[in-house]
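Each chain, letter by letter, is given below.
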Amino acid sequence: MTVIANPGKRDRLWRTIVISLPYAWLLLFFLAPFAIVFKISFADPLVAQPPFTPFFDWAADSGDRLLATLDNYRFLLEDKLYWVSYLKSIKIAFVSTLLCLLLGFPMAYAIALTPYPWRNFLLLLVILPFWTSFLLRVYAWMIMLGKQGLINNLLVSSGIVDKPLQLLYTDGAVYLGIVYTYVPFMILPLYATLERLDPDVHEVAADLGAHPLQVFRDITLPLARPGIIAGCLLVFIPALGEYVIPALLGGLDSLMIGRTLYDEFFVNRDWPLASAVAVVLLFILILPIMLFQRMQQEVES
Amino acid sequence: MNTGSGDRTGVAGGACSGTPWRDPKQQPFIEVRSLTKRFGDFTAVNNIDLHIYRGELFTILGGSGCGKSTLLRMLAGFEEPSEGRILIDGLDITDMPPYERPVNMMFQSYAVFPHMTVEQNIAYGLKKEKLPRDTVRQRVKEMLELVQLPELARRKPQQLSGGQQQRVALARALIKRPKVLLLDEPLAALDKKLREQTQFELMNLQDQLGITFVVVTHDQEEAMTLATRIAVMRAGSFVQIGTPSEVYEFPRNLYVADFFGSINIFDATVISWENQDITVELDGTGTRIQTRHPKTLASGSRCQVGIRPEKVLISKKPPEGAGQTVTRGVVQDLAYYGNRSIYRVRSEAGRVIQVSAQNYQRSAELLLEWDDEVFLSWDSSCSVVMTE
Ligand SMILES: Nc1ncnc2c1ncn2[C@@H]1O[C@H](COP(=O)(O)OP(=O)(O)OP(=O)(O)O)[C@@H](O)[C@H]1O
Ligand SMILES: [Mg+2]
Chain A
1 MTVIANPGKR DRLWRTIVIS LPYAWLLLFF LAPFAIVFKI SFADPLVAQP PFTPFFDWAA
61 DSGDRLLATL DNYRFLLEDK LYWVSYLKSI KIAFVSTLLC LLLGFPMAYA IALTPYPWRN
121 FLLLLVILPF WTSFLLRVYA WMIMLGKQGL INNLLVSSGI VDKPLQLLYT DGAVYLGIVY
181 TYVPFMILPL YATLERLDPD VHEVAADLGA HPLQVFRDIT LPLARPGIIA GCLLVFIPAL
241 GEYVIPALLG GLDSLMIGRT LYDEFFVNRD WPLASAVAVV LLFILILPIM LFQRMQQEVE
301 S
Chain B
1 MNTGSGDRTG VAGGACSGTP WRDPKQQPFI EVRSLTKRFG DFTAVNNIDL HIYRGELFTI
61 LGGSGCGKST LLRMLAGFEE PSEGRILIDG LDITDMPPYE RPVNMMFQSY AVFPHMTVEQ
121 NIAYGLKKEK LPRDTVRQRV KEMLELVQLP ELARRKPQQL SGGQQQRVAL ARALIKRPKV
181 LLLDEPLAAL DKKLREQTQF ELMNLQDQLG ITFVVVTHDQ EEAMTLATRI AVMRAGSFVQ
241 IGTPSEVYEF PRNLYVADFF GSINIFDATV ISWENQDITV ELDGTGTRIQ TRHPKTLASG
301 SRCQVGIRPE KVLISKKPPE GAGQTVTRGV VQDLAYYGNR SIYRVRSEAG RVIQVSAQNY
361 QRSAELLLEW DDEVFLSWDS SCSVVMTE
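Each protein sequence line maps, in turn, to chains A and B. Numbering follows our numbering, with no gaps: position 10 of the first sequence is 10. Numbering follows our numbering, with no gaps: position 286 of the second sequence is 286.
Heads up, a few of these hints could be off.
To be verified - Pairwise CB distance ranges, derived in the manner of DEER restraints:
1. B:GLY40 x A:VAL95: 43 to 53 angstroms
2. B:GLN159 x A:ARG217: 18 to 28 angstroms
3. A:VAL95 x B:GLU145: 48 to 58 angstroms
To be verified - Residues from chain A that keep clear of chain B, each with C-beta distances beyond 12 angstroms, as calculated:
4. ALA35
5. PRO50
6. LEU70
7. ALA110
8. PRO129
9. THR132
10. ILE143
11. LEU150
12. LEU155
13. SER157
14. VAL161
15. LEU176
16. ARG225
17. TYR243
18. ARG259
What the hints contain is simulated information worked out from the structure, not anything from laboratory work. In this text the structure is predicted, and so the values were computed from the model without any measurement. Positions of the beta carbon are idealized from the N, C-alpha and C atoms, including for glycine.
Work out the full structure: start from the sequences and follow the hints.
Right, dumping it as structure tokens:
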């Protein structure tokens, strides 16, 4: 039993395995597909199976076998459509994240201050919507926001407006849908950090002469920072690439990048261009994450 | 065991001079009127009345869970009293929020701000006062030196030991120089030497700045050395309030007597009480003791008689002189502490009596040995009669 005789070695082996698991996961399910998409983004579209040109043309007679092209990226830069949908996506994701934070922070704080067992009940309410299909919930909003929907009926019958408002197929409906869907992802990490805050620390600040608002600014907010960052990333990232909500609730001008991507892939069947759109989207996403990490490091040092 | 207590009221010439609590004309600085705090059915603080005078260093002493922190938290404004009022300098502060009270508190849990450095922690209170930067920096520097942390000024609390965190918390509360400073077990995590130093610093601050201190502790020795007065607390009420020598020499009951050092207790019956002169008879031996007791006691009622170990003389020869309580016994156990020795003597009546004797003779041999026959004697007036 030489393995047991040398526990240090075995521990190290286990550690290597444990550490390499998430890396293997990332490699298999993120890096590999990304490499494929990245490769396709340098190809030309073809009416064939698969619908794009290969990277190398081994059969070519001339020495110029590399078929890779930057045309797709050039096209992205030149056509205003893509700029518009990227910017629109960023704006909608950013504003939605902000709204989720403004809405989610007080809710998370209230839950963290609620005594047990009520707290568990409130947490359950936050998670409850996930128990029904996401699509079903978006359809429910479509029905409620429609011309003959619940909201318009209420508004008209109470005399606030004369005729039904255009609620569905607007940016407002998209914001509503995104905030409604993603606010739990803000609340849960916020709750997890706020719950661990030491109440004594807040009392000390008050004791030293800080008004409730100052206590919030000086103590609560900085200590809740990890939760705020996690929540914002968890909302911003999926919201940026969101497809279903703008497609169902948004109008024609609510053109988000997810929709553009879908159209390129399935309507135009231009896989290379669609891949380029996806690659650029990924870099847009990596940027804020790196920024946050930088900020985090600065705070720590 | 604490022999000979330092009653500071005579020595400290600083902010709190004399014995204001004996002067009915003196205005108390902190006045607590029938203060009660209930948590549901449980009464944590029960109908407390308390007067603390300007510049006092008042300590509250008591076992765990007796309501000390709750009382302090009500003074600081974190716990709303169920009943009663709190006045400071004649001003009713019962409904004032914590950040407006002229009171600062050091928490038992330290509660150091985890996201700020030591320096920022200490400076926080002054920054809220909007003092000029230079003043803040100067006072932070002084405080860092006082609590001996200048090298750690830039550290984060996670990099500090428990005792260092406690010193940060202390400095953070002290720097505001409030009218009243509440300290909840301020020195519990410090080692003996640092604790003694900080005790002296606290007393100096009290003298120099005229801050009124209310200090919670469950270390009786600390209470003795620090306090102008001590309140002994038990189950939400005060059992006795008095100067260190009062609570030590004239404990009102067994609980207080036992709290400060050790004491020999005898069950007894009251023979007579007249004008504070009392005669009691010890059970078993029939020894009669005459001493003084402030409260009327009916003849025949039961009581306890206590005598501190250091008040008992131990000798091989029978003692001389009147007014003495004398008993014979055999040394059963002894412990040598260098400056003094503790003897446990079995008396004729079969009781074990503890004696603490100064070793004022220099000798490599023990003056008394196991199984030596000895006489124990004490001045009858040193006996304290207690009821309950
Ligand atoms: N928020 C609360 N809810 C219910 N009970 C409480 C609360 N705070 C304190 N108590 C109870 O009140 C009693 C007094 O508590 P307190 O903290 O004042 O004790 P303490 O004298 O400071 O004890 P220690 O020396 O251990 O610090 C305890 O029995 C405690 O359980
Ligand atoms: Mg306490």
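Hint check:
1. B:GLY40 x A:VAL95: 43 to 53 angstroms: Holds - the Cβ-Cβ distance for GLY40 of chain B and VAL95 of chain A, about 46 angstroms, lies within 43 to 53 angstroms.
2. B:GLN159 x A:ARG217: 18 to 28 angstroms: 25 angstroms, holds
3. A:VAL95 x B:GLU145: 48 to 58 angstroms: 51 angstroms, holds
4. ALA35: Holds, because the least Cβ-Cβ distance between ALA35 of chain A and chain B comes to about 40 angstroms, which exceeds 12 angstroms.
5. PRO50: 53 angstroms, holds
6. LEU70: Non-interface label on LEU70 of chain A holds, nearest chain B Cβ at 47 angstroms vs cutoff 12 angstroms.
7. ALA110: 20 angstroms, holds
8. PRO129: Given that every Cβ of chain B is farther than 12 angstroms from that of PRO129 of chain A, nearest at about 34 angstroms, it holds.
9. THR132: 40 angstroms, holds
10. ILE143: 47 angstroms, holds
11. LEU150: 44 angstroms, holds
12. LEU155: Correct as stated: the minimum Cβ-Cβ distance to chain B is 43 angstroms, above 12 angstroms.
13. SER157: 46 angstroms, holds
14. VAL161: 45 angstroms, holds
15. LEU176: Nearest chain B Cβ is 35 angstroms from LEU176 of chain A, so the label holds.
16. ARG225: ARG225 of chain A is in fact no farther than 12 angstroms from some Cβ atom of chain B, at 8 angstroms.
17. TYR243: Non-interface label stands for TYR243 of chain A: nearest chain B Cβ at 39 angstroms, farther than 12 angstroms.
18. ARG259: Given a closest Cβ separation of 42 angstroms, the condition holds.
The structure fails hint 16 only (numbered hints given earlier).
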